[in-house]
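Based on the sequences and whatever the hints tell you, model everything.
Chains as they are written, first to last, in the numbering used here: chain G, 1 to 204; chain H, 205 to 439; chain Y, 440 to 674; chain A, 675 to 877.
No lab work stands behind these hints, which were simulated from the structure alone.
A portion of the hints provided could be inaccurate.
No more than 25 Å apart at the CA atoms, straight line, and that leaves these computed lysine-lysine pairs for BS3-like [to be verified]:
1. K168/G with K866/A
2. K123/G with K554/Y
3. K390/H with K415/H
4. K452/Y with K18/G
5. K415/H with K8/G
6. K495/Y with K182/G
7. K707/A with K202/G
8. K182/G with K510/Y
9. K168/G with K337/H
10. K97/G with K866/A
11. K217/H with K160/G
12. K582/Y with K435/H
13. K582/Y with K117/G
14. K160/G with K409/H
15. K435/H with K636/Y
16. K182/G with K866/A
17. K452/Y with K202/G
18. K335/H with K182/G
19. K217/H with K68/G
20. K639/Y with K625/Y
21. K452/Y with K123/G
22. K217/H with K182/G
23. K60/G with K117/G
24. K68/G with K260/H
From the structure, some residues in chain G lie toward chain A, with a derived Cβ separation under 10 Å [as the list claims (entries may be wrong)]:
25. K18
26. L67
27. T83
28. Y103
29. T116
30. P131
31. S139
32. Y144
33. I176
34. S187
35. S193
36. I203
37. K204
Output of the computed footprint for chain A on chain G, the stretches with three or more beta carbons under 8 Å from beta carbons of chain A [claimed, not checked]:
38. 26-38
39. 104-111
40. 146-158
Just so it is clear, the structure is predicted and the values come from calculations on it, not from any experiment.
Even glycine gets a Cβ: it sits at the ideal position worked out from N, Cα and C.
Given next are the chains, with one letter for each unit.
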Amino acid sequence: MKHSFFDKYSYINSPVHKINPVLKLILFLSIGILLNIIPFQIVTYILIGSVTLVITYLSKVPLIFILKRTLVILPFVFVIALTNFFSKLSESTVLYKTFLNAYIMITLLILLTQTTKFPEMLKSLSYLRVPKLILVLLSFIYRYFFILIDEAEKMIYSAKIRTYKRLKIRTIGAMIGVLFIKTYDRSERVYWSMLLRGFDGKIK
Amino acid sequence: MTEAIEVKNVWYKYPNDTLALDGVSFFVNKGETFGILGPNGSGKTTLLLCICGVLKFQGEIRIFGKKVSQKNIYELRRNIGFVFQNPDDQLFMPTVYEDISFGPRQYGIKENEIKAIIEDVLNKLGIEDFKNKSSHHLSFGEKKKVCIATALVLNPDILIFDEPTSELDPASRRELMQIIISLKSKKTILISTHEPKIAKEICDKIIVLNKGKVVYEGLPHILNDQEFLTKNRLA
Amino acid sequence: MTEAIEVKNVWYKYPNDTLALDGVSFFVNKGETFGILGPNGSGKTTLLLCICGVLKFQGEIRIFGKKVSQKNIYELRRNIGFVFQNPDDQLFMPTVYEDISFGPRQYGIKENEIKAIIEDVLNKLGIEDFKNKSSHHLSFGEKKKVCIATALVLNPDILIFDEPTSELDPASRRELMQIIISLKSKKTILISTHEPKIAKEICDKIIVLNKGKVVYEGLPHILNDQEFLTKNRLA
Amino acid sequence: MHIPDGFLDLKTSVVSNLISISLLAYSIKKLNKDTDPQRIPLMGVSAAFVFVAQIISFPVFGGTSVHLSGGVIISVLLGPFSGFTIMSSVLILQAILLQHGGVLSLGANILNIAATSCFIGYMIYRIYPRNISAAVSSWISTILGALLVSAELYFSGKIDLKIGLISMILAHIVSATTEAVVTYIILLTIDKIKPNLRNIPKI
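Shown next, in the form of structure tokens:
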């Protein structure tokens, strides 16, 4: 089965893709901090909002893809709206400001990751002194995610072919147990392959 | 009605938007042993999973005249036994017995009946000692037989084998082919493979898939045509 | 010294106490293409992993006269390129380039040298476009070629292929065999397989393993003996 | 459960990031002292395993589904520091690739999801190290995580503490229960098929 890559739009070309990923990451963090500090003013938000829109346009990442992914902030907006509705503690500007901040930040984060190839992202993280072990784990996830999801998916198909009901928690739980056993066996074979290429406990 | 499986203009797109099946149509008569040939990545497994209604395709598939849909999946799947290419993908329960009884239990068959059926199936395949073992500790060929048992246990009319001989040594391969041949007269069998030899040996009719399209449909005699095989990466 | 690999009375037990190798002895001359035949589960992969000192065996193995031990394993392995049966076990880095450079980096070779070697190896295998791709984007046959590149990059004298043709369709299999044949004159090659056909095609000498024991050692002509093949589950 | 960027104020972000970074630095130091080279690929593939296990959905009543978090299970199998490092890597990748959780809020998410299950959850499990305790500690650490989320949002001045706590706990009762049941089943399955996997050194 062929799954779409998480960073699938990072393989297209646009001016935003060409910006140094470290710079993009620093810009992203600065905007995040800035949005936290500045007081709530319509003008500032119109400005930052339009900059975000321009970057979105330049990046060629499809708008519908971005809109879908921004939905993850809604549950949190809901909890805050609930507070707003039931108690007089918070003012409505807190709700608006939080919503706008969150929306801008998630859009920028989508743009950041969809315009940077994952191997490049890893390089910038290592430039920013992220520990080697974390980088190794990140690259293993990136490499083996699709292989393990394939194994999991096939077990689910195999169960589905033998039933007409929704799978029980017990069945899926057992599958995850089996998946861990496969994970262990796989890690052993990967370890051998690393040994055979000179691995001595430290990845150089 | 003599058509066991009818596939009409079936399309399937992978999640990454590449086309896996590109308007596939064919039919399998009842009692036939039907081969789906094609190189790696031609869409064979995807097609088989669509036929069982596990993947959501566009187009129409009928099993014994009944359209495959989410509504009638209960009766349709009960009539299909599926043997995966890699047994490790198919077996997910702690013991062989639990794996084989998974299907019957889902369909509400009583425990003592299940026990009798499983004894019978295991006996026929000559693997009764495995019952309480974990399939994780069996050899590849043994696991494959357990998979066949999980497919046979509900006595379905249609059996589907995905690359049945892959990774098997010659002796185990021959043994497996014997099992399939012994089932030939009782079941409608669908086999996917990239080995023309196997198709020539047991298939009554074949289709050849290439990049998700049917490039040949008919008798297996085309598999003697070297030029055709080379063009479709089968030789 | 013309012996590239010498295996003397090697024993190996799996963690669950079953015997995988039961006093295996043989030798491979320098420049030879040597086949290890046997059915699934006969101990072929285990034997190959013992030769590289990955599994802790009992007995003695010598590589170019030097005894394999925990002390010198690091330098001995540098002279061995290993191609796993399943490429997904061998390729674990985010891009093909990083996967191939893993070995040279571990041995402290300089980045610009590594770059030149990799260009060269990829060119020879005709896969220079793969360099910045993730192996996830490649087909099974393409991944297999990348594995060969990871084995060739340190220019070892010994190459080991574990079931090189398993799961490949006929066209990809032929391509892979071509690559192995092109390396035959330059390297000592060790191939494990359950296909007598492959051994007949390229091996100068073979052993046949069955249940962890060597049941034949010599020229591959024995593989025309139907009775021998049947007895050892190779036909 | 993953807090996106924009919901926490600066002080809460800074404090939670500092705590998480110190915990992570300490864990990595512990792991680097370990001499078994096999731990690196084992942790690597296990991290992918957690990532996948979190995507598989479990049907619960009313046609909805919940997902596993996996912190307790991975710590029980590999040890708390390995578990914490794996969970943190998974959270980092989820933030930068899937936008589940943000970057400035990463520290808070590591605290809520990884620290609760890998450290507190593991400690509870160690009191009486049986499969059933792993289930109980999964339940407790999931609820604890929910409490932390509300506390962080409260300190950021976004919500009323009472309303936050009630809604967060209600929202997590089902997933905490599923987490507990599934953790138990996973351990049971491993014990039945390959019991020696329970002997991996716990670091």
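Comparing the hints with the structure gives:
1. K168/G with K866/A: holds (19 Å)
2. K123/G with K554/Y: holds (17 Å)
3. K390/H with K415/H: Roughly 32 Å between the alpha carbons, so the hint for K390/H and K415/H is violated.
4. K452/Y with K18/G: It is violated: about 55 Å lies between the C-alpha atoms, which goes past 25 Å.
5. K415/H with K8/G: holds (22 Å)
6. K495/Y with K182/G: holds (22 Å)
7. K707/A with K202/G: holds (12 Å)
8. K182/G with K510/Y: Violated. K182/G to K510/Y sits at ~31 Å, over the 25 Å cutoff.
9. K168/G with K337/H: holds (23 Å)
10. K97/G with K866/A: violated (53 Å)
11. K217/H with K160/G: holds (20 Å)
12. K582/Y with K435/H: holds (22 Å)
13. K582/Y with K117/G: holds (20 Å)
14. K160/G with K409/H: violated (28 Å)
15. K435/H with K636/Y: holds (23 Å)
16. K182/G with K866/A: Holds - the C-alpha atoms of K866/A and K182/G are around 14 Å apart, at most 25 Å.
17. K452/Y with K202/G: Answer violated: K452/Y to K202/G is near 29 Å, above 25 Å.
18. K335/H with K182/G: With a Cα-Cα distance of about 21 Å, the restraint between K335/H and K182/G holds, given a limit of 25 Å.
19. K217/H with K68/G: Judged against 25 Å, a Cα distance of about 20 Å means the pair holds.
20. K639/Y with K625/Y: With Cα atoms ~20 Å apart, K639/Y and K625/Y stay inside 25 Å; holds.
21. K452/Y with K123/G: violated (43 Å)
22. K217/H with K182/G: Not satisfied, since the Cα-Cα distance of roughly 28 Å exceeds 25 Å.
23. K60/G with K117/G: Holds, because 15 Å separates the two Cα atoms, which is no more than 25 Å.
24. K68/G with K260/H: holds (22 Å)
25. K18: For K18/G, the interface hint is violated, since the closest Cβ of chain A sits about 19 Å away, which is over 10 Å.
26. L67: Cβ of L67/G sits 12 Å from chain A, so the hint is violated.
27. T83: At about 4 Å, which falls below the 10 Å cut-off, the nearest Cβ of chain A leaves the hint on T83/G intact, so it holds.
28. Y103: holds (7 Å)
29. T116: The hint holds - T116/G has a Cβ within 10 Å of chain A, the shortest such distance being about 9 Å.
30. P131: holds (5 Å)
31. S139: Since chain A brings a Cβ to about 8 Å from S139/G, closer than 10 Å, the hint holds.
32. Y144: holds (4 Å)
33. I176: holds (5 Å)
34. S187: holds (4 Å)
35. S193: Holds, about 9 Å.
36. I203: Hint holds; I203/G Cβ to chain A Cβ min 7 Å, cut 10 Å.
37. K204: Violated, because the Cβ-Cβ distance from K204/G to chain A comes to roughly 12 Å (cut-off 10 Å).
38. 26-38: holds (count 7)
39. 104-111: holds (count 5)
40. 146-158: holds (count 5)
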